[in-house]
Amino acid sequence: MQKRGYKVPPLGGQDIFAISKELRKQLDMSDVIYMDIAWLLETLGCYDILDYEYCEDSDTMHYGEAFYNPVEKKILIPDSVYNAACVGKGRARFTIAHEMGHFFLKHSAVLGRNNDTTWKAYIDSEWQADAFAGYFLAPPSLVDPRSTAENIAVDFGLSFQAARIALNNAKKFRS
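No gaps in the numbering here: position 111 of the sequence shown is 111 in the numbering used here, and each next residue is one more.
Quick caveat, the hints were computed from the structure, so don't treat them as lab data. It should be emphasised that the depicted structure is a prediction, and the values quoted were computed from it without experimental measurement. Accuracy of the hints is not assured; some may be wrong.
[Unchecked claim] DEER-style ranges, computed between Cβ atoms:
no. : residue 1 : residue 2 : range
1   : Asn83     : Trp119    : 34 to 42 Å
2   : Arg174    : Asp15     : 39 to 47 Å
3   : Trp119    : Pro70     : 16 to 24 Å
A virtual CB, placed ideally from N, CA and C, is assigned to each residue, including glycine.
Using the sequences and the hints, build the whole thing.
Spelled out as structure tokens, the structure:
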């Protein structure tokens, strides 16, 4: 796999699913189909569990759609991404869940880059955060494997691409 993020301690899909499932349990949201990610972000902030800051879109353009700062343990979220998440846009919701994934998976400050050009997905920080976002927003145990990606996208508030992955995960989970 071509690296996208930083090399982090290994976590496979089952490990990340277990972490996301435990977080939902601790939040008393195990059975919630549509996770209000903006509300959750603000609630976690109010309880000083997770720090975040809204910013101008240009403030994160070097990093992508949002950014987790592991030194400050803070998420920078452009106004456009937050506003899109508030109105249910799947990609924006996934972006915020992805950045939360860096925090809950305990991705720490990077002391240096590895010179390898490729490494396994399960040690890539971006792959892990993507997996967390997918499992957190659409746990395989709540996704009906007989459903369609279109229905899953609507029910769970995902992009079509994320809904297809959630459907595949639900099928694997049940087999």
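Hint-by-hint comparison with the structure:
no.	hint	in the structure
1	Asn83 - Trp119: 34 to 42 Å	holds, 35 Å
2	Arg174 - Asp15: 39 to 47 Å	violated, 19 Å
3	Trp119 - Pro70: 16 to 24 Å	holds, 19 Å
The structure is inconsistent with hint 2 alone, although it conforms to all the rest.
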